[in-house]
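Single-letter residue listing:
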Amino acid sequence: MKNYFKPAVFLLSLWPLCIITYQLFYNKLGPEPVDRIINHFGEWTLIFILLTLSMTPLRKITKSLEWIKFRRMLGLFAFFYASIHMLSYVGLDYRFDFEPLIDDVFKKKFVFIGFSAWLLLIPLAITSSDKMARHLKQNWKKLHSLIYVISIFGVLHFIWLSKTIFFKPLIFLIILIILLLFRINFSKFSSKI
Amino acid sequence: MRKFKHSEITPEKIYNRRRSFIKSIGYGLGALTLNSVPLINAKASNSNKLNSYEDITTYNNYYEFGTGKGDPHRRAKNFTTRPWSVKIEGEVENSLKLPIEEILSIKSEERILKLRCVEGWSMVIPWLGFSLSELLNKVQIKPTAKFVEFETVYNPEEMVGQRYPVLNWPYIEGLRIDEAMHPLTTVVTGLYGKPLPNQNGAPLRIFIPWKYGFKSAKAIVKIRLTQKMPNTAWKNASPREYGFYSNVNPEVDHPRWSQATERVIGESILAPRIKTLMFNGYGDEVAHLYSGMDLKKNY
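As you go down the protein sequences, you meet chains S and D in turn.
Residue 121 in the working numbering sits at position 121 of the first sequence, and the numbers go up by one each step.
Residue 1093 in the working numbering sits at position 93 of the second sequence, and the numbers go up by one each step.
Wrong hints could be hidden among the right ones.
Stated by the list, open to error - Sample of chain D residues lacking proximity to chain S, with all beta carbon distances greater than 12 angstroms (derived):
no.	residue
1	Trp1121
2	Pro1183
3	Arg1263
4	Ser1268
What the hints assert, rightly or not - Using C-beta positions, here's what the derived DEER-type ranges look like:
no.	chain 1	residue 1	chain 2	residue 2	range
5	S	Leu173	D	Asp1178	18 to 28 angstroms
6	S	Phe25	D	Lys1297	46 to 56 angstroms
7	D	Lys1297	S	Leu101	45 to 55 angstroms
Just so you know, the hints here were simulated from the structure itself, not pulled from any lab data.
All C-beta atoms in this analysis are idealised placements derived from N, C-alpha and C, irrespective of residue type, glycine included.
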């Protein structure tokens, strides 16, 4: 039974891609299709980052080791959707016109922080294999704690590009804070032991 | 391969349907619009193509009904717009309370004007309306009046967005008096030849085509003439980002994003952004209002 979990999570994780493909072919992307695509993949990137961050708390709460098996896959999906998100911004919105894009990266803090978050995801994706984890030993954990920085950057990116924090950016912020608080509590708890 | 063919056919069908719809409406209006104010500014809309009724009525920023673009269309369906009256008060000799029927009896004309949202997108909309000056001329304005303030109705029962502190409710907007008296400043009563839909600001809104969309207050219940500059909603929420004037200006960026270009609503996924024009393309008509002013400071 449990052997099916991983492929099931994999297929479910493809859902955001299915929605857009369907809407693209049936002309259902709405009045602002480019914006729709960029926002869609941006939001799903954040959702996958938050899902990745929930695996450890879920393991502790449910006392089941199952969760941690999905962490890498969810993290890689976060990178996958972040890359589509960025590519659609660069390719669809700015049509690979790099002059205004570079201008954006340095002048607009929401672009800067979002782009930084994507850059930081690259080393995590590259070193995600078991082989790399064994190879990097202690450093692997240090490197992969970058996900905390990335998650904060990601949520700030959403807050800064929105006209107001109400309501979606606020919801993401609250969930992120809860997930990060779990870390603080657990580390205190384990250091006492 | 089959899918590919389908995608080619669908947009064309929709395109044709849109064209015939626009045409049928256009002919109907031709007979109604006698006024010949040249409101269709060739420079204003790069493509001059009208947005579809569907786009105009389903893609709205109207935070009283929620912050999502689709929220106003869904949630404004049962919004009460009758009975309705508009008060004109403040620095006037004679305050007035006008029933909506009286205001709607002022002759409306079709005004095809471009809307540029501060978020960086634009639409071309065939509004129905008349110049605000016609309405303001119903009262005797005192010489002490320097500004005009517009107040949107406060009705949290029906406007669910007003139950949350997204902005300071009720929504306040305002203009300098010479801006308010400019013939392009329009009291909107409808669009596409029909009464104004609730999600677009029924029963009465204003529209100022050379300013970012949020300046154009919806569902207005009060027009107040004042000595002091009104404390407008977005300026109040974030003074660094939203100024009182908020003229469309490609050279003055929003602190967090660029205003140099815009995306045209209703265009295909492969359509490029277009360059944003100074005063949204209405510079010939309105630039003189700001001569000698530093528009980088007075954003």
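How the hints compare with the structure:
1. Look at Trp1121 (chain D): its CB is around 6 angstroms from the nearest CB on chain S, not clear of 12 angstroms, so calling it non-interface is violated.
2. Listed as a non-interface residue, Pro1183 (chain D) keeps its Cβ farther than 12 angstroms from every Cβ of chain S; the least gap is roughly 29 angstroms.
3. A Cβ of chain S approaches the Cβ of Arg1263 (chain D) within 12 angstroms, the least distance being about 6 angstroms, so the stated non-interface status is violated.
4. Distance to chain S contradicts Ser1268 (chain D) as a non-interface residue, since its nearest Cβ pair spans about 7 angstroms, not more than 12 angstroms.
5. Checked against the given bound of 18 to 28 angstroms, the beta carbons of Leu173 (chain S) and Asp1178 (chain D), roughly 43 angstroms apart, lie outside it.
6. Look at Phe25 (chain S) against Lys1297 (chain D): about 49 angstroms separates their beta carbons, and that is inside 46 to 56 angstroms.
7. Roughly 29 angstroms separates the CB atoms of Lys1297 (chain D) and Leu101 (chain S), a value that falls outside the hinted 45 to 55 angstroms.
Consistency with the previously given hints fails for numbers 1, 3, 4, 5 and 7, ordered from lowest to highest.
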